[in-house]
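Protein chains in written order, with my numbering: chain R, 1 to 214; chain E, 1 to 214; chain F, 1 to 214.
Hints in this document: simulated from the structure, not taken from any laboratory. Quantities reported herein were computed from a predicted structural model and do not represent experimental measurements. A couple of the hints might just be wrong.
[As the list claims (entries may be wrong)] Cβ pair distances, simulated, as ranges:
1) F:K139 <-> R:H58: 22 to 28 Å
2) E:E44 <-> F:H58: 43 to 49 Å
3) F:M144 <-> E:N114: 35 to 41 Å
4) R:E54 <-> F:E62: 40 to 46 Å
5) R:H58 <-> F:H175: 57 to 63 Å
6) F:H175 <-> E:K177: 16 to 22 Å
7) F:E176 <-> R:N114: 26 to 32 Å
8) E:N114 <-> F:H181: 22 to 28 Å
9) E:D163 <-> F:M144: 36 to 42 Å
10) R:N114 <-> F:I76: 48 to 54 Å
[Said to hold, decoys possible] Far from chain E, by Cβ distances over 10 Å, these chain F residues were calculated:
11) D162
12) D166
13) S208
Note that the Cβ used here is the ideal one computed from N, Cα and C, for glycine as well.
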Amino acid sequence: MSIPFLKYFVPQDRLFFPLFDKAATNLLEGGNAISELVKSTTEEERQKWFREIERIEHIGDEITHEIFIELGKNFITPFDREDIHRLVSSIDDVLDYIHGSSKRIELYKVHDMNHDIIKLAELIHTSTRELRSAVLEMKNMKKMRDITDALVRINSIENHADDIFDHAVAQLFDHEKDAVHIIKMKEILSALETATDKCEDAANVIESIIVKMA
Amino acid sequence: MSIPFLKYFVPQDRLFFPLFDKAATNLLEGGNAISELVKSTTEEERQKWFREIERIEHIGDEITHEIFIELGKNFITPFDREDIHRLVSSIDDVLDYIHGSSKRIELYKVHDMNHDIIKLAELIHTSTRELRSAVLEMKNMKKMRDITDALVRINSIENHADDIFDHAVAQLFDHEKDAVHIIKMKEILSALETATDKCEDAANVIESIIVKMA
Amino acid sequence: MSIPFLKYFVPQDRLFFPLFDKAATNLLEGGNAISELVKSTTEEERQKWFREIERIEHIGDEITHEIFIELGKNFITPFDREDIHRLVSSIDDVLDYIHGSSKRIELYKVHDMNHDIIKLAELIHTSTRELRSAVLEMKNMKKMRDITDALVRINSIENHADDIFDHAVAQLFDHEKDAVHIIKMKEILSALETATDKCEDAANVIESIIVKMA
Numbered sequence: 001m002s003i004p005f006l007k008y009f010v011p012q013d014r015l016f017f018p019l020f021d022k023a024a025t026n027l028l029e030g031g032n033a034i035s036e037l038v039k040s041t042t043e044e045e046r047q048k049w050f051r052e053i054e055r056i057e058h059i060g061d062e063i064t065h066e067i068f069i070e071l072g073k074n075f076i077t078p079f080d081r082e083d084i085h086r087l088v089s090s091i092d093d094v095l096d097y098i099h100g101s102s103k104r105i106e107l108y109k110v111h112d113m114n115h116d117i118i119k120l121a122e123l124i125h126t127s128t129r130e131l132r133s134a135v136l137e138m139k140n141m142k143k144m145r146d147i148t149d150a151l152v153r154i155n156s157i158e159n160h161a162d163d164i165f166d167h168a169v170a171q172l173f174d175h176e177k178d179a180v181h182i183i184k185m186k187e188i189l190s191a192l193e194t195a196t197d198k199c200e201d202a203a204n205v206i207e208s209i210i211v212k213m214a
Numbered sequence: 001m002s003i004p005f006l007k008y009f010v011p012q013d014r015l016f017f018p019l020f021d022k023a024a025t026n027l028l029e030g031g032n033a034i035s036e037l038v039k040s041t042t043e044e045e046r047q048k049w050f051r052e053i054e055r056i057e058h059i060g061d062e063i064t065h066e067i068f069i070e071l072g073k074n075f076i077t078p079f080d081r082e083d084i085h086r087l088v089s090s091i092d093d094v095l096d097y098i099h100g101s102s103k104r105i106e107l108y109k110v111h112d113m114n115h116d117i118i119k120l121a122e123l124i125h126t127s128t129r130e131l132r133s134a135v136l137e138m139k140n141m142k143k144m145r146d147i148t149d150a151l152v153r154i155n156s157i158e159n160h161a162d163d164i165f166d167h168a169v170a171q172l173f174d175h176e177k178d179a180v181h182i183i184k185m186k187e188i189l190s191a192l193e194t195a196t197d198k199c200e201d202a203a204n205v206i207e208s209i210i211v212k213m214a
Numbered sequence: 001m002s003i004p005f006l007k008y009f010v011p012q013d014r015l016f017f018p019l020f021d022k023a024a025t026n027l028l029e030g031g032n033a034i035s036e037l038v039k040s041t042t043e044e045e046r047q048k049w050f051r052e053i054e055r056i057e058h059i060g061d062e063i064t065h066e067i068f069i070e071l072g073k074n075f076i077t078p079f080d081r082e083d084i085h086r087l088v089s090s091i092d093d094v095l096d097y098i099h100g101s102s103k104r105i106e107l108y109k110v111h112d113m114n115h116d117i118i119k120l121a122e123l124i125h126t127s128t129r130e131l132r133s134a135v136l137e138m139k140n141m142k143k144m145r146d147i148t149d150a151l152v153r154i155n156s157i158e159n160h161a162d163d164i165f166d167h168a169v170a171q172l173f174d175h176e177k178d179a180v181h182i183i184k185m186k187e188i189l190s191a192l193e194t195a196t197d198k199c200e201d202a203a204n205v206i207e208s209i210i211v212k213m214a
């Protein structure tokens, strides 16, 4: 995306951007937690990360709520009210799927975290880091190029995650005989892959906000 | 969400709000029908509710169509045309998943409606009742607090449904040996759970309309 | 509230509409390719169509990228920038699911393309043809009726695809004993059915653009 001629104008907002930063930083913690969870080797460690992801998801809900409250109280917003709503909801969605992946791993009692699961969780971690960079740069639209580069990387991470998911499921079909185990693994892989989809959705929201401002 | 200082202005619309009421009331009938279906104990009763849900879904399509026709004919709308479009589509989506759940129960010939399925169907019923209240109050924005309370309850119903779904699937994995039966039950549980997701989506549309008007 | 009294005005755009045509025509090629793939009787033929769908998906990505670049460079757009974004993304989504269906058929090594799979692929083909007609007519809003007729047909194709999917899965449950094969077939049928859902989503985007312009 290239930068248009007209100057865009971002008001010096001191209320919403700190809240967006908080939401994006909390999301990154979720990305880290899921990638630590799947690398855990003891039940104790796993339990620690299950609880940590619960905690992060809860904080995410509180931040979302705080932003919606501020939206209701303030007339001046750094960009369209409905776009703030979409941005915050999309960050919340990523966290929901991180939490959903964690819950499935816990509830289905699956302990053999294979290479594909670990790789997908690492991609989520990277994607949440890119999302946080993009959100942080939104308050300072001068580095438009940095934002769009992050968005491009989030898209390519999603493509990569898609491939890993497809091959992981094909592998299961080829090598796993227990249909119930296939279903369980597919559910976990699918929740992880969807988390990267939701990162891409959040990136698309950011892109559409930038397009409007351009 | 608190009410901002500026007065919002809702024109005394006598065309669209009655149609929204009709759509929301029809949806509530769908919510009632699915919860009656899963509690049915005879094939005759089940057949009655299958047909009833078909009928309600068909009426829903007609109401949706009627609203779109009116959108095309009228210049003055109580809120943004595209938001009316989103609201009506989101109500239609809930009904689609109620209908989808019913079709799966019928087609897969599953008769052992367990506690989780009954609970999920009851949550759909409650959520459609809350949605109807919120939609009915939209024409009279004075009771803003009543609307937002209903939306909060729809969100918490969705969280509850999510938990029930997760535990129901985990239970299947623990106790059911027949993989094909697991797949069938998972499909039915998933369609029911998605109906509550779609209620939440509709609640989010209402929330975003309120945010804009604030 | 929007009270337009002016007739809608579509600038004689010579930049975006040719790009939309390119995207919609490429999508139609994808619709053709998936319907040819599932009718292929030799591995050689199948391989040819797998590669062809990869190629079409890649071209789709390039066209999408090109349109986003132009959005960033141009101030005058034939309709709202965010609607262009949504239209192009929704066309891209259809192609993603066509590609996803093709990848699953390849990766899961499923060769018995039954009647339902062939029928679903043909519905995708028809739906992409209708989408292309609707997109082509958007530059010339005089034939509004032609556009809305195409959108209605896309909706009814999606309903039809839904029924085929439901019955195909019920058939699998009734007649297929191998749970792993059921899972594979369900995944392929589901990806194909979702492609018709995504056509409907694209139709809804077009409908909402028309609603705004009306």
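Hints and how they fare:
1. F:K139 <-> R:H58: 22 to 28 Å: violated (50 Å)
2. E:E44 <-> F:H58: 43 to 49 Å: Hint violated: Cβ distance 55 Å, outside 43 to 49 Å.
3. F:M144 <-> E:N114: 35 to 41 Å: Roughly 51 Å apart at Cβ, these two residues miss the hinted range, so it is violated.
4. R:E54 <-> F:E62: 40 to 46 Å: At roughly 43 Å between Cβ atoms, F:E62 and R:E54 fall inside 40 to 46 Å, so the hint holds.
5. R:H58 <-> F:H175: 57 to 63 Å: About 47 Å separates the Cβ atoms of R:H58 and F:H175, which means 57 to 63 Å is violated.
6. F:H175 <-> E:K177: 16 to 22 Å: Taking Cβ atoms as reference, F:H175 and E:K177 lie about 21 Å apart, which means the hint holds.
7. F:E176 <-> R:N114: 26 to 32 Å: This hint holds: roughly 27 Å between Cβ atoms.
8. E:N114 <-> F:H181: 22 to 28 Å: holds (26 Å)
9. E:D163 <-> F:M144: 36 to 42 Å: violated (47 Å)
10. R:N114 <-> F:I76: 48 to 54 Å: Distance hint for R:N114, F:I76 holds at roughly 52 Å.
11. D162: violated (8 Å)
12. D166: violated (6 Å)
13. S208: Violated: least Cβ distance 5 Å, not greater than 10 Å.
The structure fails hints 1, 2, 3, 5, 9, 11, 12, 13 (numbered hints given earlier, in ascending order).
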